[in-house]
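These are the residues of each chain, in order.
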Amino acid sequence: MTGLAVQSGLFFRRKLLETLRQPVWIITGLITPVLYLALFAPLLRSLAGGPAFPPGHVLDVFVPGILVLIAFGAGMGAGWPVIWELESGVIERLRVTPASRLALLLGTVLRDIVMFLVPGLVVIAVGAAFGYHVHWGGLALLFLLLALLTAACSATSSALGLKLRQIGSLAAVVTGAQLPLTLLAGILLPLSLGPAWLRVLGHLNPMYYAVQAARSLAAGSVATGTVGLGFLVTGVVAALAVWWGTRAYQGAMS
Amino acid sequence: MSAPPMPAVQVTGLRKSFRAAGAAVEAVSGIDLSVPAGEIFGLLGPNGAGKSTTLRILTTLLRADAGSAVIAGADVFRAPAQVRRRIGYVGQLGGADKEATGNENLLLAGRLYGLSAVDAARRCAELRAVFDLEALAGRPVRTYSGGQRRRLEVALGIMHRPRVLFLDEPTTGLDPQNRANLWEQLRLLRDGGTTVFLTTHYLDEADQLCDRVAIVDHGRVIALGSPDELKQRYSADTIAVTAEASPAVLDAVARELAGDPAVSSLAVEHGTIRVTATDATRAMAAVFCALSRREVPTRAASVARPSLDDVFLRETGRSLRDAGSPAAIAGAAAAEVAA
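For the record, the sequence lines run as chains L and Z.
Under the working numbering, the first residue of the first sequence is numbered 1465, with each subsequent residue one higher.
Under the working numbering, the first residue of the second sequence is numbered 967, with each subsequent residue one higher.
What the hints contain is simulated information worked out from the structure, not anything from laboratory work.
Just so it is clear, the structure is predicted and the values come from calculations on it, not from any experiment.
The C-beta atom is built at its ideal place from N, Cα and C for all residues, glycine as well.
Treat the hints with caution; some may be incorrect.
Said to hold, decoys possible - Chain Z is nowhere near these chain L residues, computed Cβ spacing over 12 Å in every case:
hint, residue
1, 1505
2, 1581
3, 1589
4, 1604
5, 1608
6, 1635
7, 1688
To be verified - What follows is a set of in silico ranges between Cβ atoms, one per label pair, in the way DEER data are often shown:
hint, chain 1, residue 1, chain 2, residue 2, range
8, Z, 1100, L, 1578, 29 to 39 Å
9, L, 1485, Z, 1043, 35 to 45 Å
10, Z, 1237, L, 1548, 51 to 61 Å
11, L, 1507, Z, 1100, 50 to 60 Å
12, Z, 1032, L, 1707, 23 to 33 Å
13, Z, 1032, L, 1604, 50 to 60 Å
14, Z, 995, L, 1696, 45 to 55 Å
15, L, 1506, Z, 1139, 49 to 59 Å
16, L, 1585, Z, 1080, 33 to 43 Å
17, L, 1481, Z, 1153, 33 to 43 Å
18, L, 1696, Z, 998, 49 to 59 Å
19, L, 1468, Z, 1150, 37 to 47 Å
20, Z, 1104, L, 1486, 16 to 26 Å
Only chain L is shown next, with the shape it has when bound in the complex:
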């Protein structure tokens, strides 16, 4: 019997080839993040230095947020192909093979992590050229943290696709969750700008802790409680999501 690692590798390769065959996705995956930098950062420039805005260069505040958005987007897209694969019978066929259900899920998760890493590195490169301060140690940990976030989003999206089975329902759930999740994480605008009740709601959002940790790491503060909490919360959510996604792939039979 082929092992879990080999099977995950086989599914990862399959998913990566699938993405590489659709150049449109690569273009939007790379250009959209850069557009964020080019179009949104100038807006924030006037806020920077104002009340309740974190100190530092505007890109130092903004780049970690873009990275979180890219991680979220790379992961949350996983559910759509799952529904196409349900409709074309691919998943049914794979369920009748001895393939590990965890490997089926991880193939997509690993592909999505790549789909986060590549545009993420582009953003760092472009951001650095425009004044973003790179802290190498923090950055490595930041990418590790956000790879975990991508995994959590990807597994959740796959599980939702398998459970909902319809593009319309999946789109409703994902877009419905996107606004509160991203806003209440303080990704684009820091939550410190908002009233107290908004900050309380933010603390209930698991993504908030990832964003806080991301800002800390991007600023080069590695050994902080914020970072530890960010890794803890994101790690637990990712583990739960992978467990849920694997169960969803199992379907009615184990």
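Starting from the structure of chain L, add chain Z where the hints point.
For chain Z alone, coordinates are given in the frame of chain L:
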């Protein structure tokens, strides 16, 4: 003394219900089957009869509510992982990855069943030749025609040389030539020792392809046997002869034929004599004899062999061609969703 050969598929008391629109619909209501290794076995029945649900249970995709099923020695409920290693499955939807090439599909399937990269490539080449996919295998599957895709999907199902190959409505949507081609492939597989277990709602498919058939309706097996056995057990040949004669003369012919032991029933309408007979040849001779003795010219004559539809009609009072009650179809739809 050697033990009796193990059946390829052994099913006992299989049951499965689904909830559809708030009510429980029983899709499979106690199915028993035993399929010896090396035959082509067909589940024949209308839409919603429970064929696909049964197949989905046997292929580990669905859990039954009750009963047991053993495939090639492995228990479907206790050891689904072992069952998966011993079976191949070609679903109704096909399941080839359309964005990938034929080769990529085949190689991935081989690797998932534990073949090494080298062995998978060798087996892939073998199947490309058998299924006439040489010229296509490097192209994405979405560019294939329906028949080409079906050939690839069957190849995917047997990449690991399974003991039992399950196919759900394998020829639906295929043109006659591709259909004949697939039948031939399945016969070759059977001749090579693979047990082939399929569902179909086509009478001719069950009749001409299958060695044995279970006719199912409302989740039950209502008749089981070889197509010839079933037809002989349940039905007779029908002869129709149209003659140019007055109703009085035809009535006289009918009275004479009614006494013939080869004739089991008889009717005259619009100048046509219809006879059902257990022995068509003898009955046909008797009809012509009676007509020529009265010098009645015949205009047309035909013999209809019994079909499996007659068997279905006898058992259910409905024709298989228009069977499939709304409730049963709702149950089947629920099965799709639940799966």
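For each hint, the structure was consulted:
1. Distance check for residue 1505/L against chain Z: the nearest CB is about 36 Å away, which clears 12 Å, and the non-interface claim stands.
2. Non-interface status of residue 1581/L relative to chain Z is upheld: no Cβ of that chain comes within 12 Å, the nearest being about 22 Å off.
3. Every Cβ of chain Z is farther than 12 Å from the Cβ of residue 1589/L; the closest lies at roughly 30 Å, confirming the non-interface assignment.
4. Non-interface status of residue 1604/L relative to chain Z is upheld: no Cβ of that chain comes within 12 Å, the nearest being about 33 Å off.
5. With 12 Å as the threshold on Cβ separation, the claim that residue 1608/L sits away from chain Z holds: the shortest Cβ distance comes to roughly 30 Å.
6. At the 12 Å boundary, the C-beta of residue 1635/L stays outside the reach of chain Z, the nearest C-beta of that chain being 19 Å off.
7. No beta-carbon of chain Z comes within 12 Å of the beta-carbon of residue 1688/L; the shortest separation is about 44 Å.
8. At about 33 Å, the beta-carbon gap between residue 1100/Z and residue 1578/L stays in the expected band of 29 to 39 Å.
9. Judged by the Cβ atoms, the range 35 to 45 Å given for residue 1485/L and residue 1043/Z holds: they are separated by roughly 40 Å.
10. At roughly 60 Å, the beta-carbon separation of residue 1237/Z and residue 1548/L lies within the given 51 to 61 Å, and the hint holds.
11. Here the CB-CB span from residue 1507/L to residue 1100/Z is close to 58 Å, well matched to the stated 50 to 60 Å.
12. For residue 1032/Z and residue 1707/L, the Cβ-Cβ distance of about 30 Å falls inside the hinted range of 23 to 33 Å, so the restraint holds.
13. Roughly 56 Å separates the CB atoms of residue 1032/Z and residue 1604/L, a value that falls within the hinted 50 to 60 Å.
14. Between residue 995/Z and residue 1696/L the C-beta distance comes to about 52 Å, which sits within the given range of 45 to 55 Å.
15. For residue 1506/L and residue 1139/Z, the hinted distance range of 49 to 59 Å is satisfied, since their beta carbons lie about 56 Å from each other.
16. Between residue 1585/L and residue 1080/Z, the C-beta spacing of about 37 Å keeps the proposed range 33 to 43 Å intact.
17. Distance hint for residue 1481/L and residue 1153/Z: a CB-CB separation of about 36 Å, consistent with the stated range 33 to 43 Å.
18. A beta carbon spacing of about 55 Å between residue 1696/L and residue 998/Z agrees with the range 49 to 59 Å that was offered as a hint.
19. For the pair residue 1468/L and residue 1150/Z, the beta carbons lie near 39 Å from each other, so the given range of 37 to 47 Å is met.
20. Between residue 1104/Z and residue 1486/L the beta carbons are some 19 Å apart, a value that agrees with the proposed interval 16 to 26 Å.
The structure is consistent with each of the numbered hints, conforming to all of them.
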